[in-house]
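**Student:** Assemble chain B onto chain A, guided by the hints.
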Amino acid sequence: MSGPVVTFDKVWKKFRRGERHDSLRDLIPNLARRAFAKPALAELEDQEFWAVKEVSFEVNRGEAVGIIGPNGAGKSTALKLLTRILRPNRGACAVRGRVGALIEVAAGFHPDLTGRENIALQGAIMGMRKQQIADRFDEIVEFSGVSAFIDTQVKRYSSGMQARLGFSVAAHMDPDVLIVDEVLSVGDMSFQAKCLDRMRQQIASGVTVVFVSHNLHAVANLCSRCIVLGGGQLLFDGRPEEGLSVYMRASQTFSARHGTQSRLRVQAATLRRIDGAAASTMPPHTSCELRVVFECLEDTPPASVGIELERTRDLFYCYGSAAEDLGHPLTPFRKGQTYEYVARFRAHLARGHYRLNVNVRDSRAGLFYMFAESVADFSIVEDESYDGVVDIELDVCYDAVVEGRRA
Amino acid sequence: MTALANDIREMLHEQVEYRELLTQMTKRDLLLRYKQTIMGFGWAVFMPLVNTAVFSVIFTRVAPIDTGVPYPLFAFCGLLIWNFSASSLRFAVNSLTSNTNLVTKVYFPREIFPFSAMIVCLVDFAVGSIVLVALMGYYRVIPGATIVFLPVVLLVQVAFTASLSLLLAMANLFFRDVKYLFEVVITVWMFATSVLYPVEILGGRLGVLALLNPMTAIIDAYRAVLFYGRSPFDPPFLLAAAISCLSLLVSWVTFHRAEFKFAENA
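Line by line, the protein sequences are chains A and B.
Take the first sequence: its position 68, counting from 1, is numbered 173 in our numbering, and each next residue is one higher.
Take the second sequence: its position 203, counting from 1, is numbered 319 in our numbering, and each next residue is one higher.
What the hints contain is simulated information worked out from the structure, not anything from laboratory work.
Warning: the hint list may mix true and false statements.
What the hints assert, rightly or not - When the alpha-carbon atoms are kept at most 30 angstroms apart in a straight line, the in silico DSSO-like pairs for lysine-lysine are as follows:
#1 A:Lys119 <-> B:Lys151
#2 A:Lys115 <-> B:Lys377
#3 B:Lys295 <-> A:Lys235
#4 A:Lys260 <-> B:Lys143
#5 A:Lys235 <-> B:Lys143
#6 A:Lys299 <-> A:Lys260
#7 A:Lys235 <-> A:Lys260
#8 B:Lys377 <-> A:Lys119
#9 A:Lys158 <-> B:Lys377
#10 A:Lys260 <-> B:Lys295
#11 B:Lys151 <-> A:Lys260
Said to hold, decoys possible - Some chain A residues judged to face chain B by a derived CB distance under 10 angstroms, without partners named:
#12 Arg121
#13 His215
#14 Leu218
#15 Ala225
#16 Glu247
#17 Thr375
#18 Arg378
#19 Ile379
#20 Ala382
Every value quoted in this text rests on a predicted model; they were computed, and no experiment measured them.
Here a beta-carbon is modelled for each residue, glycine too, at the ideal position from N, C-alpha and C.
Isolated chain A, as found in the complex (with noise of 0.2 angstroms):
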């Protein structure tokens, strides 16, 4: 087979807002409406919205594509669009093959059956044939980790047992496509990590992935692109790193901290080398200047700035300090005035991407007047191999040691 395996060509598809009307008694009137109304010039009745706005993209045999993007951002309902659960209003999206999807994996599940009936049930509402839910059976069990129970009804297991049988069923579906919302966050760690390393069999044996998660560390180990979505349109096609810095930006304008005033604006930010140099790409150790100008749109009470460190892949806090914490007294900040920010640090970070997010605020009182996520972001590239957040700079030397004694 040649050419895409998915295909989402210009898909459009809009939903309607507020309550929905389920009652013959609402009918009436609205047949009324409809009868008397002026055909509507617009395409979009009252309360719609376009929840994907001309969305195309196409996934090649055996790629494995993470979907990313901020709540609210079109990806269920792209997924929803690529299972057939929904049809577009305008465009057309198709997928070649058979479709396995890892959506809500106990969907089929009844309460009153026992795992091996359940097993049987939500195989077929898979798709899958008989014969392989048979042949597959025991590994199905073996894999889930749940076989004891296996002639106990569901409704007896606990919601992670459930999850996990469900899961279970879907990884072993040997589908060519492979469609996951979200499943990762079923079970404890070490089942997380063996369904990650279920899809990462898959992928390497061929499976075409598409693959829909808020898990920006599981995205970025396991697809080799990334499509951003932001309010229902395409905002990134392409390498997972960039993908993940644009959609930083994007969230940037979707998430508003818990109890924030925005009583101070940031305009610029650049971050430098300290030699000048452009900081978007440095090693280890480098010496790096961030400049942030602000602008106070109301007067604020004395507080003072902070700045926080974070790896983009999983938002992990690196670190995080303020004015305060480094001996500078509280400030207060007069309507209409421009601040400048200066802030030095030495880069003593392991390989990845990194962004800066800067605030002002009161600790003491805990409150924030301005939160300024991804100001600036960069990535830290660097030869070695290693593992983790900081760079201590390890040196290692080891020798033979004979009968507690030094050789």
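**Tutor:** Chain B only, in chain A's frame:
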């Protein structure tokens, strides 16, 4: 026309592709009934038997009527056939709305829900038929050669029931009042059908109306081949057969075309 042909091809293709799911869903419902109730399939026989006993008292002692065969046999046969359709429809009405987690999360042809509900009722029908055969033996009523047409009559009933099942399942998904309306209609409908008495008794305009009712034609056809040794192919039955086939086609295609809206409305 090609669009219609395409839809029909797609519908049938999907049913073939997902045939194992239909079996599994049916098995699920049968298993559940067996597990959740003490009498299991006994209920399939118990209810029509109780009703038969009650109506036998009414129509042999209070208001005797002539039915050609012993009244209990007449009534049990009518109730059994009627119950197959009525309970199929009763399950079908809720079949999509009670499975919203599946409807909104996983794709497969949605017809599976009302169809599997109907097959479960067909199993009940088969179980009840054993009692019917026993009753016929007891009253020494032997079917004639026209019994060979029994499958045709059953097929017409299945087509008619399936078409209404699809419509009701779909209608209740969009308008949740439908299930209440359904309960009213099904009660009135039973007394407008030759279940417990031949509707000819009604006479007048009401009687003519009752004869146009496809369910009456179907039940009469069953009795014709089971009890009276007559051919089922009289004009009312042929009309019912035509209506059944046409309405199955229309409702299935409608269902198939509306299917993609189900997830949004469930």
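**Student:** Return the status of the interface hint for Glu247 (chain A): holds when the least beta-carbon distance to chain B is below 10 angstroms, violated otherwise.
**Tutor:** 22 angstroms, violated
**Student:** Given the hint that Lys115 (chain A) pairs with Lys377 (chain B), test it: the Cα-Cα distance must not exceed 30 angstroms.
**Tutor:** With a Cα-Cα distance of about 20 angstroms, the restraint between Lys115 (chain A) and Lys377 (chain B) holds, given a limit of 30 angstroms.
**Student:** Given the hinted pair Lys299 (chain A) and Lys260 (chain A), is their Cα-Cα distance within 30 angstroms?
**Tutor:** The hint holds at about 24 angstroms.
**Student:** Go through the hint on Ile379 (chain A) and say holds or violated, using the shortest Cβ distance to chain B against 10 angstroms.
**Tutor:** Status violated, d = 54 angstroms.
**Student:** For the pair supplied as a hint, Lys377 (chain B) and Lys119 (chain A), confirm whether the alpha-carbon distance does not exceed 30 angstroms.
**Tutor:** 12 angstroms, holds
**Student:** Hold the hint about His215 (chain A) up to the distance rule: shortest CB distance to chain B must be less than 10 angstroms.
**Tutor:** Holds, because the Cβ-Cβ distance from His215 (chain A) to chain B comes to roughly 6 angstroms (cut-off 10 angstroms).
**Student:** Are Ala225 (chain A) and chain B close enough, Cβ to Cβ, to be under 10 angstroms, as the hint says?
**Tutor:** This hint holds: Ala225 (chain A) lies near chain B, its Cβ roughly 6 angstroms from the closest one there, short of 10 angstroms.
**Student:** Given Arg121 (chain A) as an interface hint, is the shortest Cβ-Cβ distance to chain B below 10 angstroms?
**Tutor:** Where the cut-off is 10 angstroms and the nearest Cβ of chain B is about 8 angstroms from Arg121 (chain A), the hint holds.
**Student:** Closer than 10 angstroms between Cβ atoms is the bar; does Leu218 (chain A) clear it against chain B? Give me holds or violated.
**Tutor:** 7 angstroms, holds
**Student:** Does the structure keep Lys260 (chain A) and Lys143 (chain B) at a Cα separation of 30 angstroms or less?
**Tutor:** 18 angstroms, holds
**Student:** Is Lys295 (chain B) close enough to Lys235 (chain A), meaning Cα to Cα at most 30 angstroms?
**Tutor:** 35 angstroms, violated
**Student:** Taking the least C-beta to C-beta distance, is Ala382 (chain A) closer than 10 angstroms to chain B?
**Tutor:** Violated, because the Cβ-Cβ distance from Ala382 (chain A) to chain B comes to roughly 51 angstroms (cut-off 10 angstroms).
When held up to the earlier numbered hints, the structure conflicts with 1, 3, 16, 17, 18, 19 and 20 and fits the remainder.
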